[in-house]
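Colleague: In order, the protein sequences belong to chains A and B. Going by numbering that gives the first Met the number 0, the first sequence opens with residue 0, and the numbers climb by one from there. Going by numbering that gives the first Met the number 0, the second sequence opens with residue 0, and the numbers climb by one from there.
Because the hints were derived from the structure by calculation, they are not lab data. Given the structure is predicted, the values throughout are model-derived calculations rather than measurements. For every residue, glycine included, the Cβ atom is placed at its ideal position computed from N, Cα and C. Mixed in with the good hints, there may be bad ones.
Chain A side only, calculated, beta carbon under 7 Å to chain B, not exhaustive [to be verified]:
hint, residue
1, Thr9
2, Lys13
3, Ala22
4, Cys25
5, Ile29
6, Thr36
7, Ile40
8, Asn43
9, Met47
10, Gly138
Okay, derived cross-link-like pairs now, EDC-like style, lysine to aspartate or glutamate, Cα gap no bigger than 20 Å in a straight line [unchecked claim]:
hint, chain 1, residue 1, chain 2, residue 2
11, A, Lys147, B, Asp172
12, A, Lys196, A, Asp141
13, A, Lys106, B, Glu103
14, A, Lys44, B, Asp91
15, A, Lys54, A, Glu154
16, B, Lys163, A, Asp141
17, A, Lys13, B, Glu73
18, A, Lys172, A, Asp157
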Amino acid sequence: MNSPVPVHTTPSNKMILTMGLVASICGVLIVGAYESTQEAIAHNKRIMVERAVFKVLPGAAKVSEYVATAGGIQPLTGNVPEGGVKFYAAYDAAGALKGIAAEAAGKGYADIVRVLYGYDAKCQCIIGIGVVSMRETPGIGDKIITDKDFLKNFEALDVRINAEMSALTNAVKVVKHGSKQNAWEIDAIAGATITSKAVGRGINESAQKLLPLLVPHVKELLP
Amino acid sequence: MSLKKETDDGITFDTFMEGIWRQNPVFVMVLGMCPTLAVTVSAVNALSMGIATLFVLVSSCLLVSLIRNLVPKEVRIATYIVIIATFVTLVDYIIQAVSLSLYEALGAFIQLIVVNCIVLGRAEAHASRNPPLKAVLNALGMGIGFTIGLLALGATREILGAGKLFGFSLFGDHFQPWVVMVLPPGGFFVLGAWLLLFSFMRSRSEKGAQHG
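Can you build the whole structure from these sequences, using the hints too?
Modeller: Below, the structure written as structure tokens:
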């Protein structure tokens, strides 16, 4: 069997040389772009976190990142260790602890709904939420940002932890619209139950994990 | 070898205008539909996506054109993809530095500019056979054409689906938004309507040319 004779082929070393040359030029460009934008990106991320925390904890002026692990709480440096929960401690202008903010995530209708909630250590309750990201249906699921009755659930949502400090006394629960009776229940938005439940489940999951680690050490956050 | 032949008909006005009108990537060639349908929920998103693509298109075409005589034809596609991916990475960093909320709104579609067929198509069909200035002008036209296409969709969908344009409310509080227009099906409806309009105009101008 005769294999067709190639009319013209480029020697391999020329191909390798060309691709190597192009790859090096591209590498230099990418490194340059990374170096010159890194600072602005870090700044943007910080502003974004601060803005979100200030929204759920009105009156706060300064935010520090912490991580809670089984061994206690410490300021966050680098990545969150395994089993640790990241949270933000917010202080007002005078330096007093204003509250704690942490992120919660639950599976919504379209995608994961991520919210930030503000926790007040004095009343052991959640005092506000803000949406970090979601792709819920406009006009239906996105009411969790605007619906005043829904947001009222998070003015004093009970998340006390039990005497053994192992879990919440009462799990946060989403109930059908109009049937909220207890301070740990969330009244769902009529027509947007799935999204409401995503928020409730996310908060419950996050609080069950964070608060037992955090509450025994919360005094360490006081200045 | 006709593949690498230089088309030396010089730079004409059409080099630039081709992408904007006669071969508009969205309305005539119907290329790059993935970002076209997905990110055009608002005029701002559409405009940013268009500008990001424009930047990638122009800079990669410039580089491809500069090295067009050095690249062996066997590895040309691989080389073009590396170049395009580089500029997409640059855009990715720049958008993060400019606005994180915009970055989240555009999501994965920034990275997906790498596989946007308009960009690779221009690099292969035009930039690799033409001198830098001509390649850049042509890419600029294509990029502007793509941006106009996206903006046309984005503005229509934002006006109908949210009653706003560039975030400014147009109709006051009594407007009941036509929500489906900012949902994925709305993208197809609006794109269909624009394509209909364009082919209607084209067939009319062809008829006009026949009747003289």
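Colleague: Please list, smallest to largest, the hint numbers that this structure does not respect.
Modeller: none
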